[in-house]
Amino acid sequence: MDHEEVHVSSYASLAKVLVALLILTTISVLATGWHLGPITAAVALVIASIKVGTVITYFMHMKFESLFLKLLVTGVFFIFALVIIITFIDYLLR
Amino acid sequence: MTHPDNNSDHMDSQTGKFGMWIFLFTELFLFGGLFLVYAVFRANYSEDFHKAARELNAFIGTLNTVFLLVSSMTVAMSLTAIQKKQKNLALFLVLTTLFLAALFMLNKYFEWSHKFHFKLYPGSEVLKNLARGELLFFGLYFMMTGLHALHVLVGMVLLSINIVKIQTRRITSQNYLLLENSALYWHLVDLIWIFLFPLLYLIT
Numbered sequence: 000m001d002h003e004e005v006h007v008s009s010y011a012s013l014a015k016v017l018v019a020l021l022i023l024t025t026i027s028v029l030a031t032g033w034h035l036g037p038i039t040a041a042v043a044l045v046i047a048s049i050k051v052g053t054v055i056t057y058f059m060h061m062k063f064e065s066l067f068l069k070l071l072v073t074g075v076f077f078i079f080a081l082v083i084i085i086t087f088i089d090y091l092l093r
Numbered sequence: 000m001t002h003p004d005n006n007s008d009h010m011d012s013q014t015g016k017f018g019m020w021i022f023l024f025t026e027l028f029l030f031g032g033l034f035l036v037y038a039v040f041r042a043n044y045s046e047d048f049h050k051a052a053r054e055l056n057a058f059i060g061t062l063n064t065v066f067l068l069v070s071s072m073t074v075a076m077s078l079t080a081i082q083k084k085q086k087n088l089a090l091f092l093v094l095t096t097l098f099l100a101a102l103f104m105l106n107k108y109f110e111w112s113h114k115f116h117f118k119l120y121p122g123s124e125v126l127k128n129l130a131r132g133e134l135l136f137f138g139l140y141f142m143m144t145g146l147h148a149l150h151v152l153v154g155m156v157l158l159s160i161n162i163v164k165i166q167t168r169r170i171t172s173q174n175y176l177l178l179e180n181s182a183l184y185w186h187l188v189d190l191i192w193i194f195l196f197p198l199l200y201l202i203t
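Chains as they are written, first to last, in numbering that gives the first Met the number 0: chain U, 0 to 93; chain H, 0 to 203.
It is worth saying that the hints were derived from the structure and are not from the lab.
As the structure is a prediction and not an experimental result, all values here were calculated from the model.
Using N, Cα and C, we set each Cβ at its ideal position, and we do this for glycine too.
Check before you lean on any hint, since a few could be wrong.
Short, incomplete list of chain U residues facing chain H, as computed with Cβ under 7 Å [claimed, not checked]:
| no. | residue |
| --- | --- |
| 1 | T73 |
| 2 | V75 |
| 3 | L81 |
| 4 | I83 |
Only chain U is shown next, with the shape it has when bound in the complex:
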């Protein structure tokens, strides 16, 4: 039987993830005061993407899922990003 052991996330590791997310949120809020000009939106989106990656990896348990699910989720998020970025670039260059 290829019955796999189910990975159980420890309370401490989940709490650490929350602390990391709160720190990223703080940076995101503080960054609005840095007057970064045109890259403000880019900075906000990069921080948001790191947060989303963290939530998916640890809270949504992706780190411990099967290779199949990992590839599926990575693939769909990749296509999602492509759809958004290519459509937006297409709009800008019209």
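Given the coordinates of chain U, assemble chain H onto it according to the supplied hints.
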């Protein structure tokens, strides 16, 4: 030795989770469309968007971000508790998640009431007389946060069902797919907010 049934349960759980992810992908593209509309109009009406965003309360937005992040952790912990057969702790953690969701909605209620008080709501005379870009910003604001709030409400219903099922031992350490999938849904609600928050509240 592993009982054959255990393995088939495991397969069911894998399939169930797979199905949930497929559903989450459709949700992703639903909000993705709105994000795209936002990006295009913001590129067009950059000044108006900045001006309109000043009407939003960044403090309330930040507070709601914290509520959702903490609730995401508690719902993830509830899964750990169920797996470790700590029923009461699991119950407490799902209840906490539900409570934080309620706080989020309460905050949203005050936030929207405040807008409505200043006659800022879709179709209002005040909104119609604003600059085109500001009108579009508020349209997107109400649409995106409204659709998100609808998801929070659905999540609250799901969490409540989980509380009843944990209490009546229909969710146990051997059978927790519903809690697992509800948690995934709840994390998605959090994910969407993670993008909505900087795009709507932090662009001034």
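Checked hints:
Annotation: interface hint on T73(U) violated; nearest CB of chain H at approximately 12 Å, more than 7 Å. Evaluation of the V75(U) hint against chain H yields a held restraint, the C-beta minimum of about 5 Å falling below 7 Å. Among the interface hints, the one on L81(U) is violated; its C-beta lies about 11 Å from the nearest C-beta in chain H, farther than the 7 Å criterion. Annotation: I83(U) was flagged as interfacial toward chain H, and the flag holds, the nearest CB pair being 6 Å apart, inside 7 Å.
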